[in-house]
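Enquirer: Chains as they are written, first to last, in the numbering used here: chain F, 1 to 388; chain Z, 1 to 125; chain P, 1 to 261.
Please keep in mind that the hints were generated in silico from the structure rather than gathered at the bench.
Just to be clear, a hint being listed does not mean it is correct.
Claimed, not checked - Label pairs and their calculated CB-CB ranges:
#1 Z/33 <-> F/167: 56 to 64 Å
#2 P/34 <-> F/245: 52 to 60 Å
#3 P/103 <-> Z/48: 53 to 61 Å
#4 P/105 <-> F/281: 26 to 34 Å
#5 F/167 <-> P/43: 46 to 54 Å
#6 F/256 <-> P/252: 24 to 32 Å
Yeah, the Cβ is synthetic: ideal placement off N, Cα and C, and Gly gets one too.
For reference, the chains in residue letters:
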Amino acid sequence: MLEKLLTGPKRYYLWLLFLLCVIGLCALAYCVQVMTGLGVTGMNRDVSWGLYISQFTYFVGVAASAVMLVLPAYFHHYVKFKRMIIFGEFMAVAAVCMCALFIVVDLGQPHRMANVMLHPTPNSVMFYDMIVLIGYLCLNIIIGWVTLEAERLEVAPPKWVKPLVYLSIIWAFSIHTVTAFLYAGIPGRHYWLTAIMAARFLSSAFCSGPAILLLLLFIVRRLTGFDPGRDAIKTLATIIVYAMCINVFFYLLEIFTSFYSNIPGHMEPIIFLFQGHGGHLAWVSYFMWAAVIMAIASLAILIPPQTRTGKYLPHALVMLVLASWIDKGLGLLIGGFTPNMYETFTPYMPTGIEITVALGVYAIGALVLSLLWKIALGIKRDVNNFCD
Amino acid sequence: MYNKKAVMIGIVILVVLLSSPFWVGLFGTDYKETGVVKPNQEACVENAAFMRAQHMRLLNEWRDQALRNENRTYVAENGKKWEISLQNTCMKCHTNYDGFCQKCHLSNSVSPYCWTCHIIPTEGK
Amino acid sequence: MNTNRRKFLKVAGLSAFALSSGLAGLGTASDACAQLAPGSYGHGDKTAHAKRWAMVIDTRQFKSAEDYKPLIRACHEAHNVPDIPDNKNIKWMWLDSFEHVFPDDMNEHMSQRIKNAVYPLLCNHCTNPPCVRVCPTQATYKMADGIVAMDYHRCIGCRFCMAGCPYGARSFNFYDPRLYLPKPTNPRFPTRMIGVVEKCTFCAERLAQGLMPACVEAAKGKILFGDLEDPESSVRKALAENYSIRRKPNLGTQPGVYYLI
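Using the sequences provided together with the hints, build the complete structure.
Expert: What follows is the structure in structure tokens.
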């Protein structure tokens with residue numbers, strides 16, 4: 001199947017070349033970070049995690065979201081998803097690769113990374129996070145590759161794949177739950193110390209992940225003519241709406257508990273995120289308000305069935321993805337750290353080098369995704385499972 | 001088999017290339033003493049052969065015993081007691097970092113990073 | 001592919017996997033118990049022992065930030081702690097106001113003396129340390145005598161412990177510490193390296209030599225240090241006779257640093 005990578009139109013090669021250039025340039029920024037230390041980032045003694053870990057968290061969610069295609073297809077035999085399942089699985093593979101890289105670039109001593117395996121520590125959530133992520137990566141590579149190969153040969157996938165698929169469904173929930181436990185089990189960080197964290201993570205993942213998948217598939221449709229299918233898009237859009245509604249609902253629950261209980265520690269992070277500190281809006285406040293507006297706007301378009309799959313669907317999805325990214329990719333970490341453990345405020349803003357390194361990881365993710373999807377598209381075209 | 005001749009020649013070249021370090025080691029004569037400057041003391045913590053081969057593992061073991069079990073004393077095979085400390089025990093005798101540690105590490109192409117934290121004695125410099 | 005060959009490959013692959021994983025398991029198991037050195041290990045003769053080390057700081061006897069300065073200097077000089085002039089700095093012992101040190105005990109009408117004083121902060125050496133709970137490599141761990149210690153050799157710099165510590169006691173080496181410490185202040189103690197986390201160690205290295213921690217020594221009796229499990233110890237007596245508070249006791253970490261207010 002790898003031979004599918006070797007043929008393609010000129011713009012395919014140009015795209016790969018572009019990604020490689022971006023990766024190369026960003027790798028230089030990473031070199032600077034390795035040589036001079038994490039001092040080049042915006043992190044500090046009080047805000048000890050920043051953009052890298054927040055992006056890690058967000059992409060664990062994107063990886064887990066593949067389950068929103070696999071679950072209906074395998075548990076409910078919803079056959080219309082079958083054509084695009086492989087794209088969800090391959091997106092999960094790319095997302096897990098990005099997660100792993102975001103962890104590596106965040107480490108102060110990356111060459112000692114293997115210590116996590118050399119000295120296994122069952123009381124650390126990080127240990128389980130490593131296990132579930134490696135497991136999920138393997139599951140998706142195996143399942144994706146084997147089912148695609150079966151499709152190429154136009155036979156049914158081997159029987160032993162099915163138990164793996166069922167396992168991967170449960171596993172997907174576990175990866176994001178464990179990621180939430182990284183935060184939710186820490187005493188003294190008010191914004192994170194909430195039992196609903198894992199549920200909130202899952203709901204935000206299950207709306208934003210499929211939304212990213214749909215947007216990317218729309219691009220692919222324009223470029224190659226591959227059509228995921230009208231009904232499949234409609235069903236996935238419905239799943240996205242439900243997940244987004246639950247996501248917003250869960251956030252409102254957090255706000256109720258914090259403000260009705262009137263406990264200062266629990267109110268402070270939310271007040272900081274939306275109102276800033278000392279009468280000045282923080283830079284993140286603009287993002288948070290933008291997220292609120294985009295979340296409402298996306299729901300306004302997606303909830304009425306008439307507009308859900310209409311021409312504004314891509315706009316709604318873009319707004320939804322941005323809103324969830326701001327909530328989880330910015331607000332979560334800044335809300336947790338900036339009101340610090342002395343009940344004062346330590347601002348954080350990522351530096352240029354930090355953003356460049358993160359962009360490099362994004363580019364690597366895009367490269368992995370492009371190559372895997374190229375293979376999948378080639379096979380789909382060969383066996384005439386390309387459009388209706 | 002296709003291209004039998006070429007394949008066989010290729011295999012032979014590969015084997016010779018891969019095993020070349022052993023041949024050079026067996027027949028080569030350019031082995032040089034590292035020229036380490038030994039300290040004046042008679043004996044190290046354990047005998048010289050053990051120390052030469054195992055000092056890095058011993059140091060790792062010392063580190064774990066001292067830091068994790070509070071076992072900061074080592075009683076050597078000959079009954080002599082030593083305080084477990086790279087900086088305050090080992091380097092009391094091995095004061096010449098450049099002549100001892102560095103010389104051997106360089107000629108063996110290893111670069112341990114002990115001294116990014118542990119302080120090299122200034123004596124003899 | 002011929003079925004026989006396929007079967008053979010399957011069996012061969014499986015047995016190779018089983019063999020190698022089994023051997024790997026055996027290897028790590030034997031590593032754990034085997035001792036390399038021919039000699040034996042033990043505690044030093046002079047080592048000060050306790051079941052649970054604890055510190056009592058009599059803040060009433062310190063009049064101003066100036067009074068704490070010698071303690072901080074003693075600590076930072078003994079451990080080669082660099083002074084980095086931004087918010088990426090390293091702190092083993094430092095000062096802050098009542099409002100920030102004890103946010104839960106604050107009220108705006110409390111005595112001016114208590115409200116306006118500064119208080120020393122350091123690692124609390126908790127009985128239930130969250131930093132130890134979250135560390136993925138056991139680079140930070142609790143010893144039998146209650147000290148929460150660190151092995152800088154093993155730290156991967158993930159900073160999970162910094163997120164976990166509710167007291168802000170941990171510092172990360174964002175920069176090479178030696179850049180800010182051209183001449184180490186204590187040649188008998190190592191510095192740290194870039195990319196690892198560090199914190200106060202209750203001077204485990206000094207206790208091993210029978211000495212009190214550097215700050216306790218410099219405080220000349222204003223800070224007590226002893227065994228919390230021993231009813232006759234100076235710390236227990238001080239706690240029995242005076243009103244004391246600890247930082248954020250509601251988190252259940254059971255700090256080992258007590259403040260007499």
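Enquirer: Looking back at the numbered hints, which does the structure fail to meet, lowest number first?
Expert: Of the numbered hints given earlier, the structure breaks none, since each of them holds.
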